[in-house]
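Make the full structure from the sequences, and use the hints.
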Amino acid sequence: MESLKNEIKKLIVDSLGLEDLSPGDIGDDVPLFGDGGIGLDSIDALELGVALRKKYHLSIDSGDSGAREHFASVNNLVKFVQIRGQKTED
Amino acid sequence: MSGVRKTIPLHSLFAQGRPDDFAVFHDGARLIKWREFYQRVLRASDAYARRAESSWLLDGDDFPQFAVDVFALLYAGKRAIVPPNTLPGTLRALSESGAFEARCSEATPAAHGAQRLEAIDPEAAFIDLYTSGSTGEPKRIPKTLAQFETEVSVLESQWGAEAGAASVVSTSPHQHIYGLLFRLFWPLSAGRTFDAVMCSHPGMLKERLFAFQDAVLVSSPAQLSRLPELVDLSAFAPTPKMIFSSGGPLPGAVAALFYARWGRAPLEVFGSTETGGIAWRAQTGESGSECWTPFGGIDVEQSESGALVLTSPYLGMRPHEMEDRIALLPDGRFRSLGRLDRVAKIEEKRVSLPEMENRLCEYPHVVEAAVVPLSGRRKSLGAALVLDAEGRRRLASEGRRAVIDSLRRYLAENYEDVLIPRYWRFPESIPLNERGKISDEALLGLFENRDAGAFLPVVVKEVRDEGTRDAIVLEIDVRRVLAYFAGHFPEMAILPGVVQVDWAVRYAKKYFSVSGKFASLENVKFLALVVPDIRLRLTLTWDEASKALDFAYADARKRYSSGRVVFGESAPA
Chain A
1 MESLKNEIKK LIVDSLGLED LSPGDIGDDV PLFGDGGIGL DSIDALELGV
51 ALRKKYHLSI DSGDSGAREH FASVNNLVKF VQIRGQKTED
Chain B
1 MSGVRKTIPL HSLFAQGRPD DFAVFHDGAR LIKWREFYQR VLRASDAYAR
51 RAESSWLLDG DDFPQFAVDV FALLYAGKRA IVPPNTLPGT LRALSESGAF
101 EARCSEATPA AHGAQRLEAI DPEAAFIDLY TSGSTGEPKR IPKTLAQFET
151 EVSVLESQWG AEAGAASVVS TSPHQHIYGL LFRLFWPLSA GRTFDAVMCS
201 HPGMLKERLF AFQDAVLVSS PAQLSRLPEL VDLSAFAPTP KMIFSSGGPL
251 PGAVAALFYA RWGRAPLEVF GSTETGGIAW RAQTGESGSE CWTPFGGIDV
301 EQSESGALVL TSPYLGMRPH EMEDRIALLP DGRFRSLGRL DRVAKIEEKR
351 VSLPEMENRL CEYPHVVEAA VVPLSGRRKS LGAALVLDAE GRRRLASEGR
401 RAVIDSLRRY LAENYEDVLI PRYWRFPESI PLNERGKISD EALLGLFENR
451 DAGAFLPVVV KEVRDEGTRD AIVLEIDVRR VLAYFAGHFP EMAILPGVVQ
501 VDWAVRYAKK YFSVSGKFAS LENVKFLALV VPDIRLRLTL TWDEASKALD
551 FAYADARKRY SSGRVVFGES APA
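Quick mapping for you: the protein sequence lines, in order, are chains A and B.
When we follow this note's numbering, the leftmost residue of the first sequence carries the number 1, and every step to the right adds one.
When we follow this note's numbering, the leftmost residue of the second sequence carries the number 1, and every step to the right adds one.
Keep in mind that the hints were calculated from the coordinates and are not lab data.
Relax, there's no trap hidden among the hints.
Quick list of in silico lysine-lysine cross-link-like pairs, DSSO-like style, CA-CA up to 27 Å:
| # | chain 1 | residue 1 | chain 2 | residue 2 |
| --- | --- | --- | --- | --- |
| 1 | B | K206 | A | K55 |
| 2 | A | K54 | B | K379 |
| 3 | B | K525 | B | K558 |
| 4 | B | K547 | B | K461 |
| 5 | A | K55 | A | K10 |
| 6 | B | K139 | B | K345 |
| 7 | B | K525 | B | K461 |
| 8 | B | K6 | B | K241 |
| 9 | B | K206 | A | K54 |
| 10 | A | K10 | B | K379 |
| 11 | B | K349 | B | K139 |
| 12 | A | K55 | B | K379 |
| 13 | B | K558 | B | K509 |
| 14 | B | K510 | B | K547 |
| 15 | B | K6 | B | K33 |
| 16 | B | K241 | B | K33 |
| 17 | A | K79 | B | K206 |
| 18 | A | K5 | A | K79 |
Not the full set, but computed from the structure, chain B residues with beta-carbon under 10 Å of chain A:
| # | residue |
| --- | --- |
| 19 | G376 |
| 20 | E416 |
| 21 | V418 |
| 22 | I420 |
Heads up, the beta-carbon is just placed ideally off N, CA and C, and yes, glycines get one too.
Shown next, in the form of C-alpha cells:
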C-alpha cells in the first residue's frame, strides 16, 4: 500500500518531467490538477493516463465519467490501481 | 434518418426553419429537436432585443447555452463577443478594455414577446473573436456572419458529400474559430446533428461514437496524437467516417497510424483566427501527402522573405501577408515551415511570447523576463527571470518551489494551464547572442539540463577575477531535478560530497588549463549538507605551479564544503 503510493508518486514525477517536484513533495490527498495543488495540466492528464496504462495495464477506456475522480489525488489513484490494475514487470 | 439534407445560410436559418423534429444536437441526456431549439433562440433573442446594450460577452462554458445565445444575439442585432477563454483575468482584461457592454450570463430571458425571427443581414452581423497577436495585447478579430457563411459553403463543397448525414462528435472546445465552425456553424447550416458534449477522455469518445453510429470527429493534434497510446484504436466500432484536426500540425506518424487502423487519414485544416481556413491535407504516408492544398477559391503565394501571402474571399480578396513561412510548390500546394514572429504554439494554444514576458515583468521583483519554447518530451515554455535584490533574497529564503508556485498562480489568472512555463530559470542576466540580442539559441542554453536525470547544476553567473587568470566564482543552482536526488524523499535528499568534488574538477577543466592526473584530495571538509533548490557560489582557484585546485562551496550565510585536489604528472596523451 505504502509502496504503491510511493511508486505512483515517482511515476508522476518521472513520466511528466516535473523539474521542481520530487515524489516526497506530493501529498497523498493534494489535488493533482487545478488550483491549490500540484498544478498538472490537461496534457499531463493524458500523459499520466498513458504512463498508468503502460505500467499497470489499466484500462481507462471504460467510458466512466469517474476518470476525473480517479485522477484527483494520489490516494484516489492508488485505489483505482488496486481495483483495476494488474501489476506487470517494470 | 434526416431525410433530404438542405443547406441553409445561417442568416436566414431561423426565418426558414427546419422540420420540428429535426435533431439539432444531443446534450448528453437527450436530443434537442428544432422546435425546442428555435423556441429557446426566439425567447433569448427577444430578451436581448429589449436591452439597450449592443455588445454581449458569451462568458459561459456551457455549449448548448452558447449555441442559443450566439444566434439570439445576432438575430437581435447585437454584437457577440467570444472570449479566448473564460479565465477570470481574461474576462477582467476584456471588461477593462471596453470589449463588451454586458454579459450573457447576466441576461434575464423574457417569458413572452416576438412570435418569429426574421432573416438578418449577414454583412451587418458581427462576432468578435480574440487571439494572441505578436505585439503582446490580445488581438480582437471582428468577423461578420457573412465570412462564416462563405467558409461553411467552402467546407460543405469540399467535404459535404462525403460527410453525408453524419453527426458531429468532438474532443475540441467550441470557443475558438475551429470549434465554432466545425462543431456549430457548419453542422447547423448543413443540417447535421452535433454532439454538444465534448469528449474529454477516450472512453467517452468511444461511447459517443457508438451512440451516434454514423459520425465525423472534430479533434486536434493534442488529442489525436495521444489516443493511440491510451486505447486500442482497433477496438472502436464504429470508427468515425471522417476525422478533422486543426490547431497545429499532426505528426505524420500519428496520421499514418489512424490511416492504418481506421482506414482514413485525419483531414488537417491549416488556418488561423484572422484568416479562417486556408488549406488542408491528409497525411496517408505517401510521399507528398504532407503538403497542404489550398481550399477552393483561395490563392496562396510566397513572398520574397518566404512568408505565406493569402488571397481569400473571407478577407475581401485583398492579399494578406502572414507570419507563417512556407515553401510553395509548382502545383500550388505548399509546405509549412513554421512561424516568422515570436508567437509560439503549445498544444494548439497560440501564445505571444512578448505578452507573457510583459506580464511577468509586472510581477513584483521581476526586472527582466524572457520566454522560450522548448521541445522534448512535449512542447512547453521555459521562462528566464532576472530578479531584483529582494527577489533574489526571497528565492534564497523561500526556495524555488514556493517562488515558482506563486508565479504559476499569477500566470494562471490569464493563461490556460498548458501555456504556463514548466521550466524556470533565474539567471543574473538574460543571455545574449553574439550580436548582443536576445535570441532563442542563447536562451536555450539555460534550459539544456532540464530533464530529470541531469548531472550538472545550472550556472547562473560566472565572475572571473580580473587580477588573476586562474580564479573564478560560479553561481550555481542546485536543482531538485538532478539525478543525485532522484528517488529520494526530502529528508534524505542531499548532494553527495564526491559529486561536489567532481563538479569542481569539471568546471576547473572548463575554465583553466588543468592537466595531469588526479593524485590526491587534501583538507577536504564537508561542513553543511547541500540540499536541493539552493544557490551556491563555487570558488575555484588553480595553481599551475603546484598543480593544485582549491574549491569552496558557500552561500551568503555559510560554507558548505571546501578542499584541494592535487594533480600529478601528466597522464600519457
